[in-house]
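Protein chains: 2
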Amino acid sequence: MTTKVFGHKAPDTDSTGSPIAWAWYLREVKGIDAKPCLLGQPNTEALFVISHWGLETPEIISDVAEGDKVVIVDTNNPAELPASINSADIVQIIDHHKLTGGLETKGPIDITMRPLACTATILYDLMGEDIAKAPKGVKGAMLSCILSDTLEFRSPTTTDHDRAVCDALAADLGVDIGDLAAKMFEAKSDVSAFSDAELLRMDSKEYAVEGTKFRVSVLETTAPKMVLDRKASLMASMADVAKEDGVDQVLLFVVDILNEEATMLIPNDLVKTVAEKSFDANVEGDTVVLPGVMSRKKQIIPALKL
Amino acid sequence: MTTKVFGHKAPDTDSTGSPIAWAWYLREVKGIDAKPCLLGQPNTEALFVISHWGLETPEIISDVAEGDKVVIVDTNNPAELPASINSADIVQIIDHHKLTGGLETKGPIDITMRPLACTATILYDLMGEDIAKAPKGVKGAMLSCILSDTLEFRSPTTTDHDRAVCDALAADLGVDIGDLAAKMFEAKSDVSAFSDAELLRMDSKEYAVEGTKFRVSVLETTAPKMVLDRKASLMASMADVAKEDGVDQVLLFVVDILNEEATMLIPNDLVKTVAEKSFDANVEGDTVVLPGVMSRKKQIIPALKL
Numbered sequence: 001m002t003t004k005v006f007g008h009k010a011p012d013t014d015s016t017g018s019p020i021a022w023a024w025y026l027r028e029v030k031g032i033d034a035k036p037c038l039l040g041q042p043n044t045e046a047l048f049v050i051s052h053w054g055l056e057t058p059e060i061i062s063d064v065a066e067g068d069k070v071v072i073v074d075t076n077n078p079a080e081l082p083a084s085i086n087s088a089d090i091v092q093i094i095d096h097h098k099l100t101g102g103l104e105t106k107g108p109i110d111i112t113m114r115p116l117a118c119t120a121t122i123l124y125d126l127m128g129e130d131i132a133k134a135p136k137g138v139k140g141a142m143l144s145c146i147l148s149d150t151l152e153f154r155s156p157t158t159t160d161h162d163r164a165v166c167d168a169l170a171a172d173l174g175v176d177i178g179d180l181a182a183k184m185f186e187a188k189s190d191v192s193a194f195s196d197a198e199l200l201r202m203d204s205k206e207y208a209v210e211g212t213k214f215r216v217s218v219l220e221t222t223a224p225k226m227v228l229d230r231k232a233s234l235m236a237s238m239a240d241v242a243k244e245d246g247v248d249q250v251l252l253f254v255v256d257i258l259n260e261e262a263t264m265l266i267p268n269d270l271v272k273t274v275a276e277k278s279f280d281a282n283v284e285g286d287t288v289v290l291p292g293v294m295s296r297k298k299q300i301i302p303a304l305k306l
Numbered sequence: 001m002t003t004k005v006f007g008h009k010a011p012d013t014d015s016t017g018s019p020i021a022w023a024w025y026l027r028e029v030k031g032i033d034a035k036p037c038l039l040g041q042p043n044t045e046a047l048f049v050i051s052h053w054g055l056e057t058p059e060i061i062s063d064v065a066e067g068d069k070v071v072i073v074d075t076n077n078p079a080e081l082p083a084s085i086n087s088a089d090i091v092q093i094i095d096h097h098k099l100t101g102g103l104e105t106k107g108p109i110d111i112t113m114r115p116l117a118c119t120a121t122i123l124y125d126l127m128g129e130d131i132a133k134a135p136k137g138v139k140g141a142m143l144s145c146i147l148s149d150t151l152e153f154r155s156p157t158t159t160d161h162d163r164a165v166c167d168a169l170a171a172d173l174g175v176d177i178g179d180l181a182a183k184m185f186e187a188k189s190d191v192s193a194f195s196d197a198e199l200l201r202m203d204s205k206e207y208a209v210e211g212t213k214f215r216v217s218v219l220e221t222t223a224p225k226m227v228l229d230r231k232a233s234l235m236a237s238m239a240d241v242a243k244e245d246g247v248d249q250v251l252l253f254v255v256d257i258l259n260e261e262a263t264m265l266i267p268n269d270l271v272k273t274v275a276e277k278s279f280d281a282n283v284e285g286d287t288v289v290l291p292g293v294m295s296r297k298k299q300i301i302p303a304l305k306l
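Protein chains in written order, with full-length UniProt numbering: chain A, 1 to 306; chain B, 1 to 306.
Pulled out of the complex, with its shape left as it was, chain A reads as follows (with noise of 0.2 Å):
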């Protein structure tokens, strides 16, 4: 049986280069029958990478078969996974997201979980030296990933050992990292394909707040006025993807990868004062500037008040 290797919902780089390296390594090292797969279209970016590293796009798959061999990376999250999960046979879990719980094996596997930046880094120390046998795209596309997970460095996640990681890849690779990033966020930034609710659920989780349920929505972008030019549309869009989400509200922070800030769209006076008590923010008007905002995981979600 052919072992699946995905990550979570709504693709992103990670969530796509992350699976085709393991099941690189899995089949070409292990000489374990695997495959990457994808559990959705890829964003942009995500589709930018695959084509520069000249890769094959995984198969999409929506939903896993009882007892299909499964290895999960980049994510731990029932929510982001196919709704059949825990009914297949998980073999592996690499995350570096904090532990969500739900997810239950049948018997002991093999998780490897690490408070760094990207899988791609964690995939990288599993290797070891193994990563010497690595094609180029398979490396391209680990360095990919750690430069979108990072934001190249600017993201408060980045660790010196993600850093380091990337370093070396591109070392190896003769590949100029500035160069790499500016046009992977070129890729991320074009988003003049997608309706509103698509972009409000195209880099997005759930959480709740004193029973308050949020869809903390996040668009980086090197072009924040392609998306800000939209924010009447976008706020009216908000309302009718949360009813359709079962989530109360939907929360939206444009992340300004260059000018290393955050602009949060107010449309109504629950997201006001969500911006108020947690940021600290003097809010006027429907947008609202947060200097130094990068990251979801460590600025937003641990912000969040009421």
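There may be inaccurate statements among the hints.
No farther apart than 25 Å at their CA atoms in a straight line, the calculated lysine to any residue pairs in the SDA-like style are these [what the hints assert, rightly or not]:
1. B:Lys-9 <-> B:Glu-186
2. A:Lys-35 <-> A:Asn-86
3. A:Lys-98 <-> B:Glu-80
4. A:Lys-9 <-> B:Gly-101
5. B:Lys-35 <-> B:Ser-62
6. A:Lys-297 <-> B:Ile-301
7. A:Lys-297 <-> B:Ser-87
8. A:Lys-106 <-> B:Ile-301
9. A:Lys-297 <-> A:Asp-190
10. A:Lys-298 <-> B:Lys-106
11. B:Lys-30 <-> A:Asp-160
12. B:Lys-297 <-> A:Asp-269
13. B:Lys-272 <-> B:Ile-301
14. B:Lys-133 <-> A:Lys-297
15. B:Lys-69 <-> A:Asp-160
16. B:Lys-298 <-> A:Thr-112
17. B:Lys-213 <-> A:Ala-88
18. A:Lys-98 <-> B:Ala-88
19. A:Lys-106 <-> B:Lys-205
20. B:Lys-30 <-> B:Ala-10
Just so you know, these hints were derived from the structure itself, not from any lab.
Let chain A serve as the given structure and place chain B on it in line with the hints.
Structure of chain B alone, referenced to chain A:
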């Protein structure tokens, strides 16, 4: 703040020795203020191991306080951990059991779970070359953990890697494995001081089959007669223990370490049915011998049927 390192409630050798070994590593190698703790009185084998290697008995704690820094080894099951565990600051989990679900962390943490027989084997791998710095007592505790969890390599949970690590530690310490294991198992087999209810709860995990809740208890011993001579009062005690602990039935497997078989007590028709359906056993009378059955994790829990 001192980081508390502990294993599961009703500590056996692995849940006693592994906290001692890992707290040593965190403190002396990593420079982290850490100490081992116990979630209850260690069993007689663990007490022998502490005494044999001249170790200090860790403090017994009954709960953790909000914000306490804790490292969990040898379990990830909230039912086997202090009531307030999810309000503590869990910084690391090292385990070799199935992923249970239920533990949550506030941020990304360090988790290493491997399908090996013993936590101490994982600790050895994580320590790398630093194991050379460990005092005799720490190496001895780790060696004892592996001998205990593998029943001196007799348990089917034993992997080649557990055995190799155990052999390396024994060679380093100049220890005769057979001699040490015999002393440990003799200590574990002396159950004369325990009440029936204590014996039924000594090494026990809850497990549900089609809605029926079992307390699956195991007694590993080199002197099965000592336990089986008490079978009438043990069976009489099962109903009380089940009621007090909120389960439907206690199952007791007396594992004969040297003869590599388990004797299951058959107090009623429900348990008779379980024995027949799960182990294809031909039950006559109030006990049944299950040849080759040594491991709850590998052979008992996965087989249980109603």
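Q: Measure nothing beyond the straight line between the CA atoms of Lys-30 (chain B) and Asp-160 (chain A); if it is 25 Å or shorter, mark the hint as holding.
A: 17 Å, holds
Q.
Just to be careful, I want the Cα atoms of Lys-297 (chain B) and Asp-269 (chain A) compared with a cutoff of 25 Å; is the pair within it?
A. 54 Å, violated
Q.
Against the 25 Å threshold, does the CA-CA distance of Lys-9 (chain B) and Glu-186 (chain B) hold or violate the hint?
A. 22 Å, holds
Q: Sort out whether Lys-297 (chain A) lies within 25 Å of Lys-133 (chain B), counting only the CA atoms.
A: Outside the cut-off at roughly 37 Å; violated.
Q: For the pair supplied as a hint, Lys-35 (chain B) and Ser-62 (chain B), confirm whether the alpha-carbon distance does not exceed 25 Å.
A: With a Cα-Cα distance of about 15 Å, the restraint between Lys-35 (chain B) and Ser-62 (chain B) holds, given a limit of 25 Å.
Q. Within a Cα-Cα threshold of 25 Å, do Lys-69 (chain B) and Asp-160 (chain A) meet the stated pairing?
A. It holds: about 23 Å lies between the C-alpha atoms, which stays within 25 Å.
Q) Has the given pair, Lys-298 (chain A) with Lys-106 (chain B), been kept, meaning a C-alpha gap of at most 25 Å? A) 11 Å, holds
(Q) Run the distance test for Lys-297 (chain A) versus Ile-301 (chain B): straight-line Cα separation, threshold 25 Å. (A) Violated, at roughly 38 Å.
Q. For the pair supplied as a hint, Lys-297 (chain A) and Asp-190 (chain A), is the alpha-carbon distance within the 25 Å limit?
A. 24 Å, holds
Q.
So if I understand the rule, the pair passes when the alpha-carbon distance is 25 Å or less; does Lys-9 (chain A) with Gly-101 (chain B) pass?
A. Within the cut-off at roughly 20 Å; holds.
Q | Proposed proximity, Asn-86 (chain A) with Lys-35 (chain A) (alpha carbon, max 25 Å) | A | 20 Å, holds
(Q) Just to be careful, I want the Cα atoms of Lys-106 (chain A) and Ile-301 (chain B) compared with a cutoff of 25 Å; is the pair within it? (A) Given that 25 Å is the threshold and the Cα spacing comes to 10 Å, the pair holds.
Hints 6, 12, 14, 20 from the list above are not met by this structure, while the remaining hints are.
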